[in-house]
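Full structure from sequences and hints, please.
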Amino acid sequence: MSTFAIVSSYSESCGNASFTRVLHDSIRHYSNASVEVIELDLKLLQSTNKIIREKGHRHISEIASRLKAFDGVNIQFEAGLYGTLPSDIIRRATILMQANPNTTVTLHSPRLMEASSASARAGIRKLVTLQIVDGLREIIGNKLADIHIRINRKVIKNAIKNNLRLIVHTSRAARQIQQFFNYTRVDVHPLKIVPDNFERDGSVLERIRSEISLTESDVLLGMFGYISAYKGHGDALKALSLLPKEYKLLIFGRQHPQTLKVDGKTDAYLQKLIETVLANKSLRGRVFFLGELEDNDFWKVASAVDVAWLPYYENGQDGSGIASICMDACQRVLCSSSFAFDELFKLVPYDNYMRFDIGNYLEIATKTEMLMRRDLSGHPEKPVTSVYNCQTQAVVYARDLPNFLVNLDPQTQGFKQAAQ
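Read in order, the letters of the sequence shown are residues 1 to 420 in this note's numbering.
Hint data in this document are derived by calculation from the structure and do not stem from the laboratory. Ideal Cβ placement from N, Cα and C applies to all residues, glycine included. Some hints could be false.
Using 16 Å as the maximum straight-line C-alpha spacing, the simulated EDC-like pairs for lysine to aspartate or glutamate come out as follows [what the hints assert, rightly or not]: (1) 245 x 216; (2) 281 x 267; (3) 43 x 25; (4) 367 x 351; (5) 238 x 369; (6) 238 x 275; (7) 367 x 306; (8) 238 x 71; (9) 154 x 199; (10) 245 x 199; (11) 68 x 36; (12) 300 x 206; (13) 43 x 88; (14) 55 x 41; (15) 300 x 196; (16) 367 x 357; (17) 238 x 363; (18) 300 x 363; (19) 43 x 12; (20) 50 x 12; (21) 281 x 246; (22) 245 x 275; (23) 55 x 88; (24) 154 x 78; (25) 300 x 201; (26) 245 x 369.
Cβ pair distances, simulated, as ranges [claimed, not checked]: (27) 210 x 178: 21 to 31 Å; (28) 185 x 279: 46 to 56 Å; (29) 61 x 375: 57 to 67 Å; (30) 80 x 284: 28 to 38 Å; (31) 61 x 362: 53 to 63 Å; (32) 387 x 366: 30 to 40 Å; (33) 400 x 61: 23 to 33 Å; (34) 150 x 61: 21 to 31 Å; (35) 376 x 184: 36 to 46 Å; (36) 290 x 265: 46 to 56 Å; (37) 146 x 229: 32 to 42 Å; (38) 84 x 185: 51 to 61 Å.
Right, here's the structure in full:
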């Protein structure tokens with residue numbers, strides 16, 4: 001029996017961990033391989049304390065020693081999983097990539113080009129017009145994004161030195177790697193998290209509807225994932241204030257663990273959302289913060305809300321687990337015009353969505369009502385039939401293992417042959 005290791009977060013509450021759980025289960029289901037997740041200790045790795053950083057380095061070296069014994073390895077690379085300081089991130093990723101020659105590296109945010117000149121000009125323009133705080137925030141944000149780009153370039157360069165196969169979520173990412181590094185050992189596969197045999201289930205949402213005293217006539221809008229600024233909650237609240245009173249916004253998610261403060265103070269972004277709701281009479285009794293859901297409940301709720309809202313800002317990500325779940329489970333999705341969605345729709349011909357310009361809350365309100373007027377009678381349970389699913393994802397990740405795949409559909413057998 002072949003052995004396969006996945007290096008990632010696992011028991012943590014984060015998108016990488018959720019995806020890793022699905023990946024582990026699908027490879028195990030569609031193969032005869034023994035699959036093990038080797039979990040990263042994020043508390044060690046994300047510390048900036050000198051003594052703890054050294055312990056983090058040893059943690060990575062110990063993982064690298066274990067990886068040598070496996071027939072195949074996958075490294076889930078999101079920079080923040082491997083440290084806070086760029087030098088630590090690059091050093092640790094490089095050690096892991098040198099451990100086993102049969103290794104793939106999944107690049108979740110492989111941006112290689114600097115922020116657009118328009119973004120830089122916006123920051124300068126705010127400084128000139130004395131919007132000092134906003135201008136500095138814009139410029140510092142661009143500089144932080146540039147640091148992430150430099151990390152990506154070095155990590156990808158080191159992966160290529162070791163002739164490792166790379167996995168990305170968009171054709172654009174693969175094209176940029178080829179342009180920058182003249183390297184073509186790159187597979188493209190969109191994130192797939194919802195199981196292939198998933199069926200829509202409204203039971204969890206109906207229980208929640210009852211518990212918060214909403215009626216059958218209420219239109220339930222859903223937002224999911226960490227409560228972070230790039231998710232566009234502020235725009236969502238503005239849009240909700242323009243919609244009829246029966247429209248209710250359910251926010252499923254929590255404050256990001258890295259924004260938790262030891263003094264108990266609320267994260268500034270979350271506090272601003274709370275104050276906005278309390279200060280606006282048209283929002284009171286219409287916005288519900290409902291916390292985090294377990295994976296199975298998340299899929300069920302996402303499949304049952306009337307409209308899933310994804311008002312994301314541009315943040316350089318190529319794949320979003322939240323977006324993948326909503327697109328695959330929900331019958332109506334409203335998403336922004338971010339590049340990540342542009343690229344996803346080039347790969348998968350979804351027919352259950354509408355889009356709007358980033359930040360245009362008037363358009364969000366208008367198109368939400370347009371989506372609600374769509375007749376879903378006779379609409380298929382799954383929004384689209386695509387060549388990509390959890391089976392094909394298993395093929396991409398573990399196809400280099402000897403005689404590893406079993407129980408594949410004929411369509412996926414064809415995908416496997418084409419991929420090889």
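Structure-based check of all given hints:
1. 245 x 216: Cα-Cα ~14 Å, so holds.
2. 281 x 267: 23 Å, violated
3. 43 x 25: 25 Å, violated
4. 367 x 351: 15 Å, holds
5. 238 x 369: Answer holds: residue 238 to residue 369 is near 15 Å, not above 16 Å.
6. 238 x 275: Between residue 238 and residue 275 the Cα gap is close to 13 Å, so the pair holds against 16 Å.
7. 367 x 306: 13 Å, holds
8. 238 x 71: Judged against 16 Å, a Cα distance of about 52 Å means the pair is violated.
9. 154 x 199: With Cα atoms ~42 Å apart, residue 154 and residue 199 exceed 16 Å; violated.
10. 245 x 199: Not OK: residue 245 and residue 199 at ~30 Å, beyond 16 Å, violated.
11. 68 x 36: 13 Å, holds
12. 300 x 206: With a Cα-Cα distance of about 11 Å, the restraint between residue 300 and residue 206 holds, given a limit of 16 Å.
13. 43 x 88: The hint holds at about 14 Å.
14. 55 x 41: Cα-Cα ~10 Å, so holds.
15. 300 x 196: 14 Å, holds
16. 367 x 357: Judged against 16 Å, a Cα distance of about 11 Å means the pair holds.
17. 238 x 363: Satisfied, since the Cα-Cα distance of roughly 11 Å is no more than 16 Å.
18. 300 x 363: 27 Å, violated
19. 43 x 12: It holds: about 10 Å lies between the C-alpha atoms, which stays within 16 Å.
20. 50 x 12: With Cα atoms ~24 Å apart, residue 50 and residue 12 exceed 16 Å; violated.
21. 281 x 246: 14 Å, holds
22. 245 x 275: 20 Å, violated
23. 55 x 88: 12 Å, holds
24. 154 x 78: 13 Å, holds
25. 300 x 201: With Cα atoms ~5 Å apart, residue 300 and residue 201 stay inside 16 Å; holds.
26. 245 x 369: 12 Å, holds
27. 210 x 178: 21 to 31 Å: 53 Å, violated
28. 185 x 279: 46 to 56 Å: Holds: the Cβ-Cβ distance is about 54 Å, inside 46 to 56 Å.
29. 61 x 375: 57 to 67 Å: Once the Cβ atoms are compared, 59 Å apart, the range 57 to 67 Å for residue 375 and residue 61 holds.
30. 80 x 284: 28 to 38 Å: 36 Å, holds
31. 61 x 362: 53 to 63 Å: At roughly 54 Å between Cβ atoms, residue 362 and residue 61 fall inside 53 to 63 Å, so the hint holds.
32. 387 x 366: 30 to 40 Å: 33 Å, holds
33. 400 x 61: 23 to 33 Å: 25 Å, holds
34. 150 x 61: 21 to 31 Å: 24 Å, holds
35. 376 x 184: 36 to 46 Å: Holds - the Cβ-Cβ distance for residue 376 and residue 184, about 42 Å, lies within 36 to 46 Å.
36. 290 x 265: 46 to 56 Å: 22 Å, violated
37. 146 x 229: 32 to 42 Å: 19 Å, violated
38. 84 x 185: 51 to 61 Å: Violated, at about 30 Å.
Of the hints listed earlier, those the structure fails to meet are numbers 2, 3, 8, 9, 10, 18, 20, 22, 27, 36, 37, 38, in rising order.
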